[in-house]
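Peer 1: One-letter residues, chain by chain:
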Amino acid sequence: MDPRQYRQQVEQSLERARSAGPSEESASEPAASQDLAAMLAQARDGSADPALRARTLLRASRVGADDDAPITLALELLADEAEPAAVRHAALDLLQLAAVTSARFAARRPEYLATLRAIIETPDLPLRERALGVLARERDAEAQRRLLEGLADPAKALVAPEVAIPLLGYDLEAGSFPVLRQVAASDAVSLPARIEAARVLAADPGSRDLIEQLARDRAEPEALRQVAAAGLHANDPAAARRLARELVLATDESAEVQATSLTALAFPAERAEHAAGREEAAAGGGDEGDEGDERLRERVEELAQQATSEDLRKSARAYLARAKPR
Amino acid sequence: MANQAESIRASEPDGKGKASMQLELSINGRADERGRYLSWTPSPCELRVLDPEGATSPVAVTLRAGTGSVAGLMFRDPAGAPPGAELTLTLPVDGTPVAFSVAGEFGRASLDDRDTTIEIVEGGGAPVASVPVMVRVRKNATALTPDERDRFIAAFALLNNRGDGPFRAFRDMHVREASEEAHFEAGFLPWHRAYLLDLERSLQAIDPSVALPYWRFDQPAPALFDADFFGESLRSGMVRFAASNPLQFWATDGRQGVLRTPWFAPATEPARTDTGVPVLTEEETLLLGERAGHRYGDFVVMERQPHGAAHVSFDGFISDIPSAVRDPLFFLLHANVDRLWAKWQWLHGRFDPALAASYVAPDPGRRVGHNLADTMWPWNEITSPPRPPTAPGGPLEGSPATAAPGPQPAVQQMIDLQGRFGAAGRLGYDYDDVPFE
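Those protein sequences? They're chains A and B, same order as listed. Mapped onto our numbering, the consecutive letters of the first sequence carry residue numbers 1 to 326. Mapped onto our numbering, the consecutive letters of the second sequence carry residue numbers 327 to 763.
By construction, these hints were calculated from the structure, which means they are not laboratory data. Check before you lean on any hint, since a few could be wrong.
Said to hold, decoys possible - Derived DEER-like restraints, expressed as beta-carbon distance ranges:
no.: 1; chain 1: B; residue 1: P472; chain 2: A; residue 2: E302; range: 51 to 59 angstroms
no.: 2; chain 1: B; residue 1: A687; chain 2: A; residue 2: R18; range: 23 to 31 angstroms
no.: 3; chain 1: B; residue 1: A591; chain 2: A; residue 2: D66; range: 32 to 40 angstroms
no.: 4; chain 1: B; residue 1: G623; chain 2: A; residue 2: E81; range: 39 to 47 angstroms
Claimed, not checked - Short, incomplete list of chain A residues facing chain B, as computed with Cβ under 7 angstroms:
no.: 5; residue: E25
no.: 6; residue: P50
no.: 7; residue: L52
no.: 8; residue: A54
no.: 9; residue: A82
no.: 10; residue: H89
no.: 11; residue: L97
no.: 12; residue: A103
no.: 13; residue: P166
no.: 14; residue: A202
no.: 15; residue: T263
By construction, the Cβ of each residue, glycine as well, lies at the ideal position given by its N, Cα and C atoms.
Just chain B, same shape as in the assembly:
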């Protein structure tokens, strides 16, 4: 049944031999369950009558979140009316699909797969069908339920597979020889956005209910640096995981374990360096470049602070570029970096790649890979100089929920995260605290 289009039985037989009507709901361009993952950004949907047996006139149905749904849903019609918790559609019996969109209600995300339903009500009667969905967003790691945490850890451990799994390619993408592909230049943020997306989609191929959480490094995070989650640091610098935590088998470069010593007390302090330099707060980060008009070129200095400061708030793997990815915490650190960028974009309207302030102006003197139109290594699989000699991992992982950014994305395809300037460009994820507005 998985991955096959599912029709929805609507209108139970009336006992007089009238057969039930079949409907087909497609979400994110798919009629199967693989498309049923939503975020705050509207997902395109279509509803049509498959088999109008017995129906002779257009069918009016109302869509809403089903009773007991954990997440909230917001429906929009293509005519542009404001979104609402319900939407009434009129379905032609000839099978012509009716388009609409659905999104999660900001602030009310799912906690587990299929914990929310789209309920279809015919006329003013009782629900005649319901379709399980998930409103899946990237959350603060300290806000995860134990079940969310454990599913994420399990998927990550499987991806690593004791050092033998597909995670090896991600490790091999972030090495000294490839530093300039992803750092020290404007493309720092788009490259890492693509990198995280690639990894997240690989996790979702294992468990589609998983989203990459973020480490809010300007706040204490006791629940994250815990033996049940990303581990407690021992005097040796190695991290101890609980006996039930599969990350205890985490291995990279042929060695088991994670080496990480914080210079701060994670349970009670935000991140800071050995000599007490704190990471910039979220507000300080969002105000970077304010005097110059909130231009990307003034914002991307956040590579140093808070990003760099967060990395060197530890001793161990994560404190240097070539070894950082050996610590899985890297991805939660960078999810926060990406979240800060997304929030800055939302605050100041910087999603349009054609807007000068959304990125830096093209410069032929800039290293390739950092101009808007440049494709990014390793996904472009270019291994001729000045690119690195190998391109681990191949094309960027696809998603059942969206076609963007494509297998070999350019920098500009990573700007419009929510597809505001071309719905086809939405990347298929959102952060819990960055709305679609």
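Chain A with its partners taken away, still in its complex shape:
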């Protein structure tokens, strides 16, 4: 394409955008102080339409980007259980946006976290989940305690276990692992929760046997076995390679579990510096445990051609492409 023609096309698209006028988001001219004050007053006005209040609050944060007042108001509105959901969610949007874009926010972070702690029991479940998400990323001890308590005693759960467990993963304490093992091993718990527990337990050497058992057990749901197999590759790579070989050689095994196993064998953990150059990287698969394993290679070649699962065929081809030359 001729760059000059392309420039004309781009200029035309810009002209169309100009003609359409600025969107509410792009109208970012700095506001006079009285304009900002008026916006904040409207955002605060409990008699106004919540959707309008929410939009006004967010607009105030744009035009008052160098002012603390929008943040102050957002903290107040977020904390107030009497405020409509739309307004509180907009307040949290404003605060999260300020956290990633404003140097001024650092000074307000303690208030922000305190406000979030105060609302972790709000009846607004989505808001509760968002608040716990931020607190978990901050490794807030109280949030972690409450999440773990909810796993051990569902009557005290603030969020569903499959939501709580990944949040616990931000800052796992040793005391979490026994509870998580119970969750992973129990078929009375929801499958999504078991899957997330198995995923987190990949980091726990003490859970190695459980993870391997879950990966092996054909009575377990396929999705759980897959995550367990992937987790075993992080937890105990040598054991994972042995299991992967066993699973791949089996003729009546889950295709998805086999595919995960082959992918792991094709991308082994390399303890040395990363490979430099394509040939060396391509030779990274099929590490010392697979070298000379003719039976495995023949089986993988068979799968690459004949497996009915597209994922399995793809994994098999990746393994063969990355295997060391014989």
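Fit chain B to the given chain A structure using the hints.
Peer 2: Positioned in the frame of chain A, the structure of chain B alone reads:
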């Protein structure tokens, strides 16, 4: 043979004992295959006769893209004639190199390594030699072929190496303690340009055919948020990858997995926040600061919108600075941010760091690292206050294709992306939709 200079056999023996002539083609200052990666920006080349056995007079050769080439090529001679699909050179038999340049034809990039050739034709005859090259540019992630996607994913997974790989240094560069090195100030865009370049070069050290794709966050991206690529979000917020996807082993901070919940439907919607605030469109972004004359200081507000809005269009790792890099999507988000900057630079002629509108004026009161002449942490390895106490990763990764920006770049070295104000300053990458003009 890799990394060694390769001579090109030209002119097959004529059966009368006349030996073939040897030529040497260097691209990007290298005669080996490591230099054979092109973009839209012209790459310096030289062609010379190595062994003129049998030749007594200057040799006329024509360069062009070989038959079957996927990418288009444009050749330029040093005299400044307009670029063309062919270029005829006259090579002295004494071995004096003849300079020229070659670039990809805008809009026609490679799909794989070595899928394009520079063909050398002697006189008006048949080709006597061909050299495989790749026109490698950063593309829209949704436009990648399955093979391009899989090569990129494989390289990224190897770089991460289940949490134990060199990616750890990149993760450790983007933490709360280092926030002010890269954010909230003018240097936001140059710092992240250097950061992406460092990562991309690390990926290319694994697989040189890979370029960092970008997530066009103002458009739906179904192919990106797919189990075969960057994953589908589950109710738990964790991301599910296909069994054949090596990103299923992605790990950071000792934990496997990616936590990411979009507030929008990625298959059908552009990014927006929980309460429906959309990211600015590309056009809106490119028009930022138009009334004030397209000055950098008015453009860099894009840190808030669309950049910040894109980050908080999710819950999870990517929604906050200290955790954002735990999600590999971070790099595709920022590749789009960098692309928007590059496109703005191209549109408004803002590549010259000496031009006031290309950056902000020096200010001794500005935090160090954000003025033009300042070197950037962590690559400068300065760990005394106010810099962070550690400098993970060491110097910025080098490239076989260009010497720029150097191991410890200053802000100003990240402005002239295409080396328009000093060819030696080109950074060695381009975006599919930002030409060299």
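Peer 1: Look at each hint and say if it fits the structure.
Peer 2: Hints versus structure:
no., hint, verdict
1, B:P472 / A:E302: 51 to 59 angstroms, "violated (23 angstroms)"
2, B:A687 / A:R18: 23 to 31 angstroms, "holds (28 angstroms)"
3, B:A591 / A:D66: 32 to 40 angstroms, "holds (34 angstroms)"
4, B:G623 / A:E81: 39 to 47 angstroms, "holds (42 angstroms)"
5, E25, "holds (6 angstroms)"
6, P50, "violated (11 angstroms)"
7, L52, "violated (12 angstroms)"
8, A54, "holds (6 angstroms)"
9, A82, "violated (18 angstroms)"
10, H89, "holds (5 angstroms)"
11, L97, "holds (5 angstroms)"
12, A103, "holds (4 angstroms)"
13, P166, "holds (5 angstroms)"
14, A202, "holds (5 angstroms)"
15, T263, "holds (6 angstroms)"
Hints 1, 6, 7 and 9 from the earlier list are contradicted by this structure; the remaining hints agree with it.
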